[in-house]
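Chemist: Residues per chain, in single letters:
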Amino acid sequence: DGGITQSPKYLFRKEGQNVTLSCEQNLNHDAMYWYRQDPGQGLRLIYYSQIVNDFQKGDIAEGYSVSREKKESFPLTVTSAQKNPTAFYLCASTPRDRTILYGYTFGSGTRLTVV
Amino acid sequence: GQQVMQIPQYQHVQEGEDFTTYCNSSTTLSNIQWYKQRPGGHPVFLIQLVKSGEVKKQKRLTFQFGEAKKNSSLHITATQTTDVGTYFCAAALNDMRFGAGTRLTVKP
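Those sequence lines, one after another, are chains A and B.
First residue of the first sequence: 1, per the working numbering; consecutive thereafter.
First residue of the second sequence: 1, per the working numbering; consecutive thereafter.
Calculated from the structure, these hints are not laboratory results.
Hints are not guaranteed to be accurate.
Claimed, not checked - With a straight-line Cα cutoff of 27 angstroms, these simulated DSS-like cross-link-like pairs (lysine-lysine) come out:
| hint | chain 1 | residue 1 | chain 2 | residue 2 |
| --- | --- | --- | --- | --- |
| 1 | A | Lys57 | B | Lys36 |
| 2 | B | Lys70 | B | Lys107 |
| 3 | A | Lys14 | A | Lys71 |
| 4 | B | Lys57 | B | Lys70 |
| 5 | A | Lys9 | B | Lys36 |
| 6 | A | Lys57 | A | Lys9 |
What the hints assert, rightly or not - Chain A regions said to be covered by chain B (calculated; three or more residues, Cβ under 8 angstroms):
| hint | stretch |
| --- | --- |
| 7 | 28 to 42 |
| 8 | 62 to 72 |
Given the structure is predicted, the values throughout are model-derived calculations rather than measurements.
Heads up, the beta-carbon is just placed ideally off N, CA and C, and yes, glycines get one too.
Let the sequences and hints guide you as you build the complete structure.
Modeler: Shown next, in the form of C-alpha cells:
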C-alpha cells in the first residue's frame, strides 16, 4: 500500500543533542512538508520541498534543517538551536500540479520529547 | 502572515446532536480543505471546495464554501461517538495554512 512512513514514532532528545526524524513516501508525490503541532494549536509549517534538491523555509524554520536528496525522502533534523522542540511532528506529501491543488497525505507522526 | 481563523476551539455535544465548525479568512481563498484528526492520530484529508457557494456532502457531513470565498463551514448531523476528533480547515495562502482546529467530543 502506498503511503508515508515516519520514524521513529516516539523520540527522546537530551539537551544539546541533534536528532533526525525520518519521512519516506512511496506515493510518487513531488511536494513534501514538515509541520509541527503543539497541544491546542494547529499545524505550523517548518519546511517544504516541491522538487528534489530544493526546499523552502516555512514560518518556524529556526532550529531545524532538512534535505531532499531523493524524491521519496525528506528527513528533518531538530538541532540544539531549537529551544523548545517538544512537539508532535507531522510529515505530509502531495502531488504537484500547476492547476490543481490536492489534499495532503500525512504520515502517522513522531512525538519528540526533550529529557 | 495570513491566517485562517477557526471557531469554536472546543465543542462538546451529546450523541445525536448536531455540530458545526466555522473557518474564516480576511482574504479571498482559492480553495478550502477540511481534515479530521482522531485523538492520537494524524490529519486525514476529507474534502476540498473550490467554487463560490459550493456545498458538498459526505453522509452526515455537509461542507460549504461561502459566496465570497472567505469562509467555510463543516456541519455534522446527528453526531456519533466515531465523530470525535479535531477538525481542521486549511487554505492555500502562498502556502497551505491550517486553522487551529475545533476539537469535538461526543458524550454517549
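Chemist: The structure should be examined with respect to each hint, and the outcome stated for every one.
Modeler: Hints, verified against the model:
For the suggested pair lysine 57 of chain A and lysine 36 of chain B, the alpha carbons sit about 26 angstroms apart, so the restraint of at most 27 angstroms is met. Between the alpha carbons of lysine 70 of chain B and lysine 107 of chain B the distance comes to roughly 32 angstroms, so the proposed pair goes past 27 angstroms and is violated. Taken as a hint, the lysine 14 of chain A and lysine 71 of chain A pair is broken in the structure, with Cα atoms around 31 angstroms apart against an allowance of 27 angstroms. Taken as a hint, the lysine 57 of chain B and lysine 70 of chain B pair is honoured in the structure, with Cα atoms around 20 angstroms apart against an allowance of 27 angstroms.
For the proposed pair lysine 9 of chain A and lysine 36 of chain B, the alpha carbon gap of about 20 angstroms is at most 27 angstroms, so the pair holds. Of the supplied pair hints, the one linking lysine 57 of chain A and lysine 9 of chain A holds, its CA atoms being roughly 24 angstroms apart against a limit of 27 angstroms. Figure legend: the stretch 28 to 42 of chain A, annotated as covered by chain B; annotation consistent (5 residues with Cβ-Cβ distances under 8 angstroms, at least 3 required). Counting residues of the stretch 62 to 72 of chain A whose C-beta sits closer than 8 angstroms to any C-beta of chain B gives 0, which falls short of three, so the coverage hint is violated.
Going down the numbered hints, you'll see the structure goes against 2, 3 and 8, while the others check out.
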